[in-house]
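**Q** These are the residues of each chain, in order.
2 protein chains.
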Amino acid sequence: LDAKALGEAWDRQKRMTKPAGSLGMLEIISAQLCGLSRKCPPPIPEPACVAIFAGDHGVHAQGVTPWPQEVTAQMVGNFLAGGAVVNAFAAQVGAEVCVVDVGVAADLPSPVQQGRTTGLLPRKVRPGTADMTTGPAMSREEALRALEIGIETARDLVAAGNKLIITGDMGIANTTPAAALISVFTGTDPADVTGRGTGIDDETHARKVDVIRRALELHKPDPGDPVGVLAAVGGLEHAALAGLMLGAASLRTPVILDGVIAGAAALAAKAIAPEVLAACIAGHRSAEPGHKAALAKLGLRPMIDLDLRLGEGTGALLALPVVQSAARAMHDVATFDSAGVTEKR
Amino acid sequence: LDAKALGEAWDRQKRMTKPAGSLGMLEIISAQLCGLSRKCPPPIPEPACVAIFAGDHGVHAQGVTPWPQEVTAQMVGNFLAGGAVVNAFAAQVGAEVCVVDVGVAADLPSPVQQGRTTGLLPRKVRPGTADMTTGPAMSREEALRALEIGIETARDLVAAGNKLIITGDMGIANTTPAAALISVFTGTDPADVTGRGTGIDDETHARKVDVIRRALELHKPDPGDPVGVLAAVGGLEHAALAGLMLGAASLRTPVILDGVIAGAAALAAKAIAPEVLAACIAGHRSAEPGHKAALAKLGLRPMIDLDLRLGEGTGALLALPVVQSAARAMHDVATFDSAGVTEKR
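Here the protein sequences come in this chain order: P and L. Residue numbers 511 to 855, in our numbering, belong to the letters of the first sequence in order. Residue numbers 511 to 855, in our numbering, belong to the letters of the second sequence in order.
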């Protein structure tokens with residue numbers, strides 16, 4: 511973050527017609543946007559685009575979720591047809607939606623295959639990861655390729671004019687690699703960071719914790735080697751999201767993080783380059799316990815905290831108007847002098 | 511709330527392409543909007559307008575704030591000139607702003623007096639309340655008149671096409687009557703519900719608590735007589751905001767409540783007619799301790815919780831896109847059947 515712009519931000523906020531500090535967390539976000547853009551006031555971050563990275567997971571075979579794997583491909587079709595919650599929220603807050611297939615296992619629905627939809631970026635590294643309980647989820651080369659796809663997606667979205675990027679994800683069973691990643695990067699026991707995902711029962715939850723524990727015992731991933739961790743127990747969308755954050759940060763473009771998948775990816779991105787956090791804003795806190803642990807480790811405070819646990823980018827989209835409002839206040843609000851308002855005695 | 515529409519809402523949410531319950535608090539808001547409008551899906555609540563009720567307070571003479579009283583009138587001028595934070599946020603989220611003068615003490619700035627601004631509703635009941643430590647803040651008739659102005663404002667805003675109303679307030683020293691009202695309606699000691707307002711020091715805070723304590727000892731207000739409570743220790747904007755909520759509820763129009771001033775007013779409105787809460791959504795939780803007590807008593811969970819303590823309607827405006835997104839999801843999101851997505855096993 512640029513020190514000069516940060517200083518200007520705090521100085522300007524003192525002169526704006528409001529009691530000092532009265533915008534709470536929004537003053538911190540405003541200052542971050544100034545430091546990131548090197549401008550005070552900062553550009554209002556619009557237009558914005560949510561990038562949904564979709565992938566499948568070999569660990570699905572271990573029975574960690576009651577949802578069939580083909581739902582990943584079906585939901586990609588739903589996103590591209592505009593029928594998912596992420597589409598409704600994006601329409602309401604004025605963001606675009608794009609879907610990046612980094613590793614969907616099943617064939618995409620026929621309207622997508624026939625080119626009757628727009629918004630898909632076909633970037634499949636492999637059709638789903640391998641089962642992390644029997645071997646690495648992917649090779650190191652594949653993890654790097656997914657990271658590169660994320661970086662390239664950030665570059666393409668910024669080149670297309672977007673001033674802010676929102677993370678989204680789709681992948682049946684993807685809270686399992688997310689919990690594994692969070693366990694590794696935060697040094698927390700899998701039992702404490704493994705949640706109910708889409709709403710699993712006690713038996714499935716116990717199995718999910720055991721699956722993660724076995725995978726970690728098998729690979730003994732080293733948090734000092736983030737690419738190795740992603741390859742061993744990560745997912746293609748987790749790796750790509752980490753790349754997206756790195757790419758956006760290098761372009762000084764803010765990124766609003768969605769839930770637990772983005773939180774896991776941000777831990778990996780931070781392990782690769784800690785400076786990435788300068789561009790990251792925590793959009794919301796999901797109901798997943800691992801997300802709380804991830805945000806604490808990242809030192810990020812969520813904008814929205816309403817028990818969402820859907821993914822897709824839905825929680826982060828709700829934070830977009832908050833972030834934009836923080837930036838707009840820096841532009842539009844009069845100073846005590848200019849408005850002829852008396853300051854406190 | 512309409513039971514049939516509520517039932518339809520919960521049924522529809524189960525069929526939408528998302529894990530059951532995964533939208534958390536937004537599912538509760540969606541259902542409330544269905545029950546309120548008697549329709550499922552509910553109308554998307556736009557356009558929306560924030561109504562800023564402005565008034566002054568005789569208790570200012572007791573030294574409860576370092577801000578001069580004329581700032582109320584100056585800020586009304588700032589709102590009408592578009593230079594305040596509420597204007598910036600309203601512009602960002604797509605809401606209109608109007609200002610209702612129910613009791614500003616000083617003359618309004620000359621551009622306003624000369625009719626060079628639009629958006630002011632001149633409804634002055636009296637130029638500021640009297641000092642509650644020496645007598646009632648206003649007469650019972652004046653409190654009723656302020657309530658009526660709030661009801662009429664709701665009627666006018668709905669007649670003008672607004673589908674949702676946002677509460678706003680301006681009044682130097684108005685956290686003092688708010689804390690007094692909250693103390694009375696929640697049965698909490700003044701020390702526990704009196705905050706720092708715009709950021710006062712320890713000495714002023716101690717004086718503020720003492721002022722409230724003395725006023726309550728003088729009037730011994732009966733929470734069973736809410737109009738009497740408003741007259742004794744309330745403010746004109748608090749009474750008018752209570753009326754706004756009652757008027758909106760009677761028109762089945764949702765109201766997003768801002769911070770501690772709206773919380774105090776909602777307690778008064780609830781004491782007059784408990785059904786008012788069916789129309790109320792807590793937009794945010796402010797940093798004021800009294801607001802937490804008020805929300806707990808009202809049984810409302812805030813949408814936004816980011817340490818804002820500015821008032822004007824700013825916190826509630828940030829919640830508008832969240833509420834609208836909740837409604838839009840009910841409209842736009844496909845069902846498992848229609849989207850060809852497999853349900854969980």
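No lab work stands behind these hints, which were simulated from the structure alone. Just so you know, not all the hints are guaranteed correct.
When chains are identical, the list treats them as one kind, so a pair holds in a single copy or across two.
In silico DSS-like links for lysine-lysine, alpha-carbon gap of 30 Å or less [to be verified]:
1) K524 x K730
2) K524 x K514
3) K514 x K673
4) K802 x K514
5) K730 x K514
**Q** Next step is simple, just say for each hint if it's right about the structure.
**A** Results of checking the hints against the structure:
In this assembly of identical chains, K524 and K730 lie within 30 Å of each other by CA distance neither inside one copy nor across copies; the values are 50 Å within and 40 Å between. Proximity of K524 to K514 under the C-alpha cut-off of 30 Å is restricted to the intra-copy arrangement: shortest distance 16 Å within a copy versus 51 Å between copies. Taking the shortest alpha-carbon separations for K514 and K673, only the intra-copy value of 21 Å comes in at or below 30 Å, while the best inter-copy value is 44 Å. Within a single copy, K802 and K514 get their C-alpha atoms no closer than 32 Å, and across copies no closer than 37 Å, so neither meets the 30 Å cut-off.
Taking identical chains as interchangeable, the C-alpha atoms of K730 and K514 are never at most 30 Å apart, the minima being 43 Å within one chain and 55 Å between chains.
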